[in-house]
Structure formats: C-alpha cells, structure tokens
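2 protein chains.
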Amino acid sequence: MTTIEKARSGKAAAQAALGLDRTTKDASLSAMAKALRSGAAAIASANAADLEDAERSGLAAPLLKRLAFDQAKLESSIIALEALRDLPDPVGRLLSARRLDDALVLRQVSCPIGLVAMIFESRPDALVQMAGLVAKSGNAVILKGGREAARTNRALAELIYRAGVAAGLPEAWLSLLESREEVGELLGLDQYVDLLIPRGSKEFVARIKAESRIPVLGHADGICHVYLHEDADPEMAARVVVDSKAQYPAACNAAEVLLVHRAFATRSLGRISSALEAASVRLDLDPESAALLGRAPTKTDSDWAVEYLDLRMAVKLVDGLDEAIGHINRFGSHHTDAIVTSSSEAAERFMDRVDSADVYWNASTRFADGYRYGLGAEVGISTGKLHARGPVGLEGLCTYKWKLSGRGDIVADYASGEKHFKHEDIPL
Amino acid sequence: MTTIEKARSGKAAAQAALGLDRTTKDASLSAMAKALRSGAAAIASANAADLEDAERSGLAAPLLKRLAFDQAKLESSIIALEALRDLPDPVGRLLSARRLDDALVLRQVSCPIGLVAMIFESRPDALVQMAGLVAKSGNAVILKGGREAARTNRALAELIYRAGVAAGLPEAWLSLLESREEVGELLGLDQYVDLLIPRGSKEFVARIKAESRIPVLGHADGICHVYLHEDADPEMAARVVVDSKAQYPAACNAAEVLLVHRAFATRSLGRISSALEAASVRLDLDPESAALLGRAPTKTDSDWAVEYLDLRMAVKLVDGLDEAIGHINRFGSHHTDAIVTSSSEAAERFMDRVDSADVYWNASTRFADGYRYGLGAEVGISTGKLHARGPVGLEGLCTYKWKLSGRGDIVADYASGEKHFKHEDIPL
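Heads up: the sequence lines are chains A and B, in that order. Using numbering that gives the first Met the number 0, read the first sequence as starting at 0 and increasing by one per residue. Using numbering that gives the first Met the number 0, read the second sequence as starting at 0 and increasing by one per residue.
Below are the DSS-like pairs computed for lysine-lysine, each with C-alpha atoms no more than 30 Å apart in a straight line:
no. : chain 1 : residue 1 : chain 2 : residue 2
1   : B       : Lys72     : A       : Lys421
2   : A       : Lys72     : B       : Lys421
3   : B       : Lys72     : A       : Lys418
In case anyone wonders, no lab produced these hints; they're calculated from the structure.
Based on the provided sequences and hints, a complete structural model is requested.
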C-alpha cells in the first residue's frame, strides 16, 4: 500500500473505531498479549536478524541494548498490555452535563481523536506500548519505528494487528511505515492524520514540527532547571540537584542548568558542587560562581539554552526568586523546572510564574514521567500548551464531543423570547 | 511599536499575568465596564466617524448594522463584562490530585495559555468581549479588528487597556494591530504567540491556518447536516429542519444538507419540503428526491461539501443510518450534525459515530453556541480535535500545569527499589 492509501484506510478505521465498546477494545488487548506470547519464536528470530545486522554495521552498545527485544522485554510488554486492558475506559467519560431546558440536555463526553501517527526510534517495545494505548483509546494508528529494528517491528506489528482485527478492531486500525520517504509523505496528509507524536532527538522532533501542518504532541528540547533559593536546606538541595542531573542524564527531564541564590551560594555552593562532582558531573561555572569556588569560569557566554544530555551542568548565580523565574522563562524549554526552598510562598510564586508543563517544589526534575505520575503508560511528554501538557497518558489520546438531546427543540423559540434557557448543571 | 515589539511585550505581559489573583482580574473587569460607561461620548464619536466613512464607501446595509456601536451595544457590552467578572475563576482550578508517595503530592492545576492573538471582522463589540475573556482568564492578547471599525476599535481598546492597567493588569496585556501587513508579520511569530483565534469568512480562516505555525482555534467551514431517520416524527422533523436552516442562515451552525431516509421520504418528503419552502428556503434536490416530488433535480453533481450560508438547502436520500453517518463524515466539516429519530439506539449510534464537535438528537443545529450551551461568552467554535472542541468559552483559554511538592524526593530511591510509588488519587 502507498502512504496515502494507508492514511486513507487508517482514517476510515478511525471512524469505524468511534463505535467500539469497552468489551471489544479490552478483548483486543488480551488477544495482543496472547499473540505476543505465542509468537515469541518469530519475534526472537526477527530480532536476532536485526541485531546481527546492527552489530555488523557497528551500532554503538547502548543502541544495541535498546534494539534487543529479549524474553524480559517480551514479558514486560505483555504485562503492560494486560495492565492497559484493566484501566478504566478513557472513552465515553461524562465530562460535564447541563440541562439547557426541561427536555434539552447537553453532555460533554470523551471520545477518540481519530488517526494518530507515531514516529519513534529504535526501541521495538515502544511499538507494543503505542499499539496498546491506541487500541485502548479507540484510535487508529500509523507507526514508524527505527530502521535498525525493521524486522522486529514488522513481526510485532503483524502479530498485534491480526490479533486486534480478530478481536473486533476495524481493518487497517494499525499500519506500519518503513522508510523515510513514507514519513515525508505522511507529514503532508493533514486531511487524514489528526495527530503526530514524534519521539526522538531534538533535531528530529523540530524537523517534524517545522514540516507538517498536522498538530504535533511532544517536545524538542528538555532544558530543565533547578533553582536553589536563599533558604534552601543544603543537604536537600544537594540531593535534589544530583538526582535531577545525574540519575539518568540522557533523559529529557534531566536538569541542565543550576540557578543559585547569591546568599545561598556564599554559604553552600561548595557543598553543592562537591556533591555534583562526586556524582561525576562536570560543572560549567559562570564567572561569579567560579570566583566563589576559586576556579576559572568555563561558562562565559550568554547562551543559557544549553542541553547537555550528559554528566555536565551549567551553574549561574542569581539575585533571587524573580530573576530565577525570568531566566527560566527566557532560556528554558517549558518542560520541567524545580525550586528548592523552605518557604511555601516562594514555592507557590515559582510554581505559578514559571511557564512550564511541570513545576516542582523540593523534588527532582526526573519525576516528570507518565509512569511516575501514575498515568499508566505514557505517549510522550508535551511542552506545547494546547491539548495535553507534560506527561501524556491515555487521556491525551482522547478529545471530547458535545451530545445534545431534545424533543424537537428549536432556537427560534428562544430567540423570540417564548422560552428561556435554564442552564442547570447536572451533577456528575 | 512594530509587530514584533508588540508580540515580545505581549509575551512578557502574559508571563507576568501568570501570577494574577482573582481579585485583581475581577477588579479589572469592573474598571473596564466603568471606563466604557464614562467613555461613551468618545466611543460614539469614533463610531460615527467610522459609520460615515463606511456609508460613503457604500458598505452594504447588514455590514453597516454590524459596524454600529450604539447605546444598546454599549450597554450589553458593559453587562457582559460584569457577567464575566461574576463567573468563577477559570485559573487555579484543581483538575486532579494524586499522592505519589507519603509526602510527594502531584496536583494538576488550570492556568492561562499565554499570549493569544484574536483576529475578527467588523463587529466592534467582539473586541470588548475578547478583551474581557482574556482578562478573566489571565492571558495577554493582541487584537486585530476590521478596517471599517478602526476608529471605534481604537477608542474601545484605549479605554479598556488603560482601565485594565490601572486595576493591576500588566503593561502590554492588550495591544491592537491595525493593518494586514501587521497580521502577516504576526503569523510568523510563533516564538511569542501561543494561540491564534481567527473569526471571519471561510477563506480568511483557511488562509490563516495555511500560513501560520501557531496553533489555530476556530473553524473554516460550517457544513452541517440534518438526517431524518426512517422513524422520525414528521412534524418534529419539519420543525427541526426549518430551524436548522432558516432561523439564521448566515451562521456557521446553520444546516446546509438534508439527508432523508428513503422510507421516510416516500411518506413525508412532501411535508418537509413544503415547510422549508414556506420558510423561503430554495431546495437543491438530488435526482431521487426530485423524482419523488415530481420536479426536476437541481443537485446533480457529487460534491456535497456545499456551504450556502443562505436560504438554500441540498437534499439527498439515503438508505439508512450508516449511509448518513458515512456521508456526514466524508463531506461534512465536523462542526454540528443532527438526527431526528424516535429510536434512542439510532440516536446513540449517530452521536457516537458522527465525527463532529456537536452531535444532536431531535434538536436544531443552531443550538451550537457558547451562550446557548451556558459557557458564558464564547471565544469561537472549534472544529479541530485538539484542545477545545465545539463552542469554546473561558476554559478554552486555559491550559494546565503539573505542580509536584515533595520534601527533597529523588527518583534514585524509586529506581533502586528502596521506595515504591503509592499513586493514591486524592478526591477533589
């Protein structure tokens, strides 16, 4: 099938899926889990072939590890599908209800978005997770995985797609793209594709945002900050900064820039820098923080929109809370930013005024994650302000519609003044 | 100020407005209402000058009427501002709360979107409404009204802006663009503008959607349908169809296409067509409906994506519910579509499967409106599926953020297995 045919039939599947009930969707998730278990041998041999090619072509060790779809990953994928099945149905939730007049009732009800395209990099387990989220939320999907995982993805998609159709999902509810050219074509198909979810490098996401008119859910940068306020507890500050930076430095929610109140720095910057350096973090010190530590500054330019994704952190001294907020709003990527302070007023001011999806008080930036938030599986993290923001779970794959039921009610009766709206909220 | 300066200072205002409390915002609405009252003479003379120019240049009578900002419109604008003031604060609402662990609490809280640009056509009262919605929701705004209303808009914006600043809104919370060139520049400023809300002709909205990367909230087309099911009550069917088409045919929620079940048509199409024609509606009949009425068909092509915005309606016979749903999903604009039926099963199937923002059972499509829905004032009607859908009120001008409060909590403790998430929902 060509890309446009996949998009067109995917859209038709999405419209058919609008009518799916919970039983069918949950049965499809059970069927997918079963299909993965019984298809283990096919998956293993496809993955072995992908791994062999990848090793031959010299793929780096961490990428090889991400590419591997071993027994443990198979098991955790199966468990994830079953856990999704057991979550409440995100579709058909009554979000609000209002009696407009005696027999005229308005209901705001959650429903699927439609055809979603998800473009992700090498991890084949992402395919299983995405397919499960899509089935649970009654959407249709076009998936594009990494080239290195082509055989594994094909094996997984085949098993999952067939299991879904056998359980009652519409034909073409899932399809796979395999080349970059197909992705390029897809980006132009805004009449069919309702939402793009790209996961990958900053450059990759930025390119997709720039090239398509389809709404994009995701984030390009993760320039996260920790700000240590004047009254921060030094021990807590060290713990939160080290975790934010070093617990997993390649993650988008790892902190890149440390802002320190001058008064706190005078007392405790030495302790904080020692803790970071003990965790193998290399510091990029601004002139003032360097002077305080008796070192040479290594951060002398004024570009603070730095994303190291590595054991490296920029350090800047600030006059106080409002300078920190201003800095974060100017140079940050509106992802996740934390304050360490013992003042609830300072914390609330920080959390209100920092214009980011996730704003934390005395907690590590690394908590920004759908699993840690208890959202079930995660579609991604959005730094956009429309629709879903921050970690996005099943709810982010749903929209809502307004259902109005009457007995032949017409607007002319209200325009003439013969009838009047009652507008009584109906408790949910 | 240049457009980019307006956008930059508007963005700064939006970030300052993140910290506004309800008292300040509501005081600003009272101050605006008062300023309009005391500025009545200045507004009247500006409007008289606009009207004089417009008459001289031969503006059509309905447009002149929209341009007029007389005592009655002034009064209703003032009342609308005071009503907005008295609504609950849309910002700071707790949307969900979850205890991740003993002292680690996650709150999902509503907050303003940021800098919104609203581009509307000739009605100056729209400016007052938009400014009020923006102030109540804690956003900042760039407004562009119709050229014919330039003097009136300037007078209104001046009064409203100053009253807002005097009451505590940030400098540059509102600014006005006056030329098309400025709008063209604005469309490229996606680093500053968070949301575009265009209201106007189909071509105008479509152009804005095509030219800008800024998210757009609104709708280009209003191709709405009424479907008369086999078991519809003929009297109710006639009433709903006539109101949907003729109550105000220039509105986006007026119906354009009538789909009729063949069995119903055989019995009752004559009655429906008589009722429509009695309301001066000219029918574009497909060959089959024309034959049934003993007339010549006037709708012989296959393009059913017609938007008359006039006392004219296309008529097509269908085999049943699923054909009607398929037709609407293919040719409609996902705005508002209604079914007339006495079967609740048919109604639910229609409302679930029609992929539109507003889906109605036994009610006129003309109800799709923020005021009629009881949302307070309306920003616009969105046919997009992300963020807000259908009539959009104050809530559509808000997003949310995640606020996490801990006591120095770090992810390493959970990654090591030393601690475990509790994920207990906190009742709201």
